[in-house]
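Okay, here's what each chain looks like letter by letter:
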Amino acid sequence: MIKDITIGQFFPGKSIIHRLDPRIKLLLTVIYIVMLFTASGFTGLLAASLYMLAAFIISGIPIKMMLKSIKPILPIIIFTGILNLFFISSGDPLVEWHFIKITDDGVRTMIFMAARIILLICGTSLLTYTTSPITLTDAIERILSPLKVIKFPAHEIAMMMTIALRFIPTLIEETDKIMSAQKARGADMESGNLIHRAKALIPILIPLFVSAFRRAEELALAMECRCYHGGEGRTRLKQLKTAPRDYVAVVITLIFLAAVIVLNMFSPI
Amino acid sequence: MGIIKTENLTYVYGEGTPFRKVAVDNINLDIDEGEIVGIIGRTGSGKSTLIQHFNGLLKPTSGKVFIDGDELFADKSRLKEIRFKVGLVFQYPEYQLFEETVYKDIAFGPKNMGLSEDEIDRRVRETARLVGLKPEYLEKSPFELSGGQKRRAAIAGVMAMEPKVLILDEPTAGLDPRGRDRILGLIKEYHAEKGTTVLLVSHSMEDVAKTVSKILVMNNSKVFMYSDRSGVFAKAEELTSMGLTVPQVTRVFDRLRAAGIEFEDEVFSVEYAKDLVLRLLRERGQSLD
Ligand SMILES: Nc1ncnc2c1ncn2[C@@H]1O[C@H](COP(=O)(O)OP(=O)(O)OP(=O)(O)O)[C@@H](O)[C@H]1O
Ligand SMILES: [Mg+2]
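Heads up: the sequence lines are chains A and B, in that order. Note that this note's numbering gives residue 179 to position 180 of the first sequence, counting from 1, and the numbers run on in steps of one. Note that this note's numbering gives residue 17 to position 19 of the second sequence, counting from 1, and the numbers run on in steps of one.
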């Protein structure tokens, strides 16, 4: 069933990683990404992966989940890997056959790129595993709020994201129900050619849109009834506060970044 | 073998996840053709899950379902054909309306069955009459109808497929008493006219008691009992502990009987109770004034 798709993939927990201020966590993730892209050799990547693995272990998220996050991007990894393997012609050739030429540089770049993408995905998914989507949008709102001086609608964007996240499961459930109802009326969504299948979506999409609009209207009305009037002068129930552990985390991350830069100098590739 | 039969039917949601839930637990059923059966049980007892097995929308985790002697999922290519034998009206069916006109929407099911234009036309008009939609409504957009009319149009869409078994999940949810009586009335009428098997899912004992002949009581994913009305209502105490109630009139008349007033009949509806009281009074030679 469609319901099995997890969105937001948040894993509730009590680890120190879970308790970090979400704004700091976003910052750490950015530093980590910088770390990955400044690393020019394998030793640098190794340092970055040590950092990531340590964070994963501290967070208590099963390592299995890390592998699960890689699975959807496997095709991309394979695709870039093949490109690197066949189109890099510098270095010593390992295999030469007609126009195909594989060099040691190609192999090295392939592994390096794959490792970098994997580390990137694992690190960023650790952020979504340990931070609930709502907290995350809260943090984004707070980080973007200085931009309000140039009329950037930070609050509105965050509110839109929150509402969208809230309604994803509802809409999935609704889609499930409508699909079952139309199947019970003999709608056939699994066979036929492309045009036939596209047409078969109409009985699903129309009721879905109608109900989405109805819900949107009801929600807007309910919000107005509770005197919602935008972000102006709104206070929050949950205040974001930084604690000493947040600064410690930033310092540790910066040390790793420095280490990566130093390692770059000692081992170019 | 009856028209619907299940053997050790079990269904589990979210197998292998922390949210694992046995929604239907080892159910053995045999429902005879032509019966009108009420399925009751408190919320979450597995009613909706159970009925979705009867037309193959859910595949049993284990166990078997037979419709008219054919095992569902035994041969996947025949699933659609068997599915047409069982019409399923979901809860809030009005949210599935999508066509430009009511006519086209009612015709959606019959069209999927591959019937001829003439046959489709006959069925659409006949079911529209049965559910009490005037012919001029057929050319309107379904989104212009009132809530109750939408509901009846959606029910007509399934009835027009002329299934051997009609299953309705909470067809009266969210309607006012008049709308409720109207829907229940048309279900009874449909049953009387076509003689098909009807399964009616509901929380409301009152609704079920005045409409059906047999009752299937679900509790905690299991069948608590399947019997005729008086058999079920005789277990008033157990029903109460399951969060269900015996209809008020039935309770009143049980008390009257306990108080020593003699009568044979089982009372399930207010109208019937009225007739009974008048008859008893007449028999005793008392007039109303
Ligand atoms: N799609 C689903 N995924 C996971 N669990 C589900 C799903 N649908 C139902 N359940 C669970 O299965 C159990 C039975 O649900 P079901 O919908 O069959 O109950 P019901 O008797 O129809 O209740 P109601 O009277 O509220 O309609 C419930 O505990 C419910 O939480
Ligand atoms: Mg239900």
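If you're looking for bench data, these hints aren't it; they were derived computationally from the structure. Accuracy of the hints is not assured; some may be wrong.
[As the list claims (entries may be wrong)] Straight-line alpha carbon distances no greater than 25 Å define the calculated SDA-like cross-link-like pairs of lysine to any residue that follow:
id, chain 1, residue 1, chain 2, residue 2
1, A, K198, B, K233
2, A, K198, B, L113
3, B, K162, B, T238
4, A, K70, B, K109
5, B, K83, B, K162
6, B, K109, A, N192
7, B, K162, B, D119
8, B, K19, B, Y224
9, A, K176, B, S211
10, B, K109, A, F208
11, B, K57, A, V249
12, A, K176, B, F17
13, A, K176, B, L55
[Claimed, not checked] Examples of chain B residues toward chain A, derived with CB under 10 Å:
id, residue
14, T8
15, G54
16, L55
17, K78
18, F88
19, P91
20, Y93
21, E97
22, P108
23, N110
24, A152
25, I165
26, I259
27, F261
28, V268
Quick reminder that beta carbons are idealized off the backbone N, C-alpha and C, glycines included.
Each hint tested on the structure:
At roughly 51 Å between alpha-carbon atoms, K198 (chain A) and K233 (chain B) are farther apart than 25 Å, so this suggested pair is violated. A C-alpha spacing of about 19 Å is found between K198 (chain A) and L113 (chain B), which places the hinted pair at or below 25 Å, so the restraint holds. Restraint check for K162 (chain B) and T238 (chain B): not satisfied, since their Cα atoms lie roughly 34 Å apart, outside the 25 Å limit. Between K70 (chain A) and K109 (chain B), the direct Cα distance comes to roughly 42 Å. Violation of the 25 Å bound is thereby established for this hinted pair.
Between K83 (chain B) and K162 (chain B) the CA atoms are separated by roughly 5 Å; this keeps the pair inside 25 Å, and the hint holds. Distance restraint check for K109 (chain B) and N192 (chain A): the Cα-Cα separation of roughly 19 Å lies within the 25 Å cut-off, and the hinted pair is therefore satisfied. A distance of roughly 20 Å separates the Cα atoms of K162 (chain B) and D119 (chain B); the hinted pair therefore holds under the 25 Å criterion. With a CA separation close to 24 Å, the supplied pair K19 (chain B) and Y224 (chain B) stays within the 25 Å bound.
Distance hint between K176 (chain A) and S211 (chain B) is unfulfilled; the C-alpha atoms sit about 29 Å from each other, more than 25 Å. Pair hint K109 (chain B) plus F208 (chain A) holds up; C-alpha atoms about 24 Å apart against a cutoff of 25 Å. With a CA separation close to 51 Å, the supplied pair K57 (chain B) and V249 (chain A) exceeds the 25 Å bound. At most 25 Å may separate the alpha-carbon atoms for a hinted pair to count; K176 (chain A) and F17 (chain B) meet this at roughly 20 Å.
With a CA separation close to 11 Å, the supplied pair K176 (chain A) and L55 (chain B) stays within the 25 Å bound. Taken as an interface hint, T8 (chain B) does not check out: its beta carbon lies about 17 Å from the nearest beta carbon of chain A, beyond 10 Å. The beta carbon of G54 (chain B) comes within 9 Å of a beta carbon in chain A, closer than 10 Å, and the hint placing it at the interface holds. Annotation: L55 (chain B) was flagged as interfacial toward chain A, and the flag holds, the nearest CB pair being 5 Å apart, inside 10 Å.
Interface hint status for K78 (chain B): upheld, as the beta-carbon distance to the closest one in chain A is roughly 7 Å, under 10 Å. Restraint check, F88 (chain B) versus chain A: the minimum CB separation of about 5 Å is within 10 Å; hint holds. This hint holds: P91 (chain B) has a C-beta 7 Å from the nearest C-beta of chain A, less than the 10 Å allowed. Given hint, Y93 (chain B) at the interface with chain A, holds; its Cβ is 6 Å from that chain's nearest Cβ, closer than 10 Å.
Interface restraint check: E97 (chain B) against chain A, minimum CB-CB distance 8 Å, threshold 10 Å, status holds. A cut of 10 Å between beta carbons decides the hint on P108 (chain B): the least distance to chain A is about 8 Å, and the hint holds. A least Cβ separation of about 3 Å between N110 (chain B) and chain A falls short of the 10 Å threshold, and the interface hint therefore holds. Because the beta carbon of A152 (chain B) sits about 9 Å from the nearest beta carbon in chain A, less than 10 Å, this interface hint is met.
Residue-level restraint check for I165 (chain B) holds (minimum Cβ-Cβ distance to chain A is 9 Å; threshold 10 Å). The closest approach between the C-beta of I259 (chain B) and any C-beta of chain A is roughly 48 Å, which is over the 10 Å cut-off, so the hint fails. With 10 Å as the threshold, the beta carbon of F261 (chain B) stays out of range of chain A, its nearest partner Cβ sitting at about 43 Å, so the hint is violated. Annotation: interface hint on V268 (chain B) violated; nearest CB of chain A at approximately 33 Å, more than 10 Å.
Going down the numbered hints, you'll see the structure goes against 1, 3, 4, 9, 11, 14, 26, 27 and 28, while the others check out.
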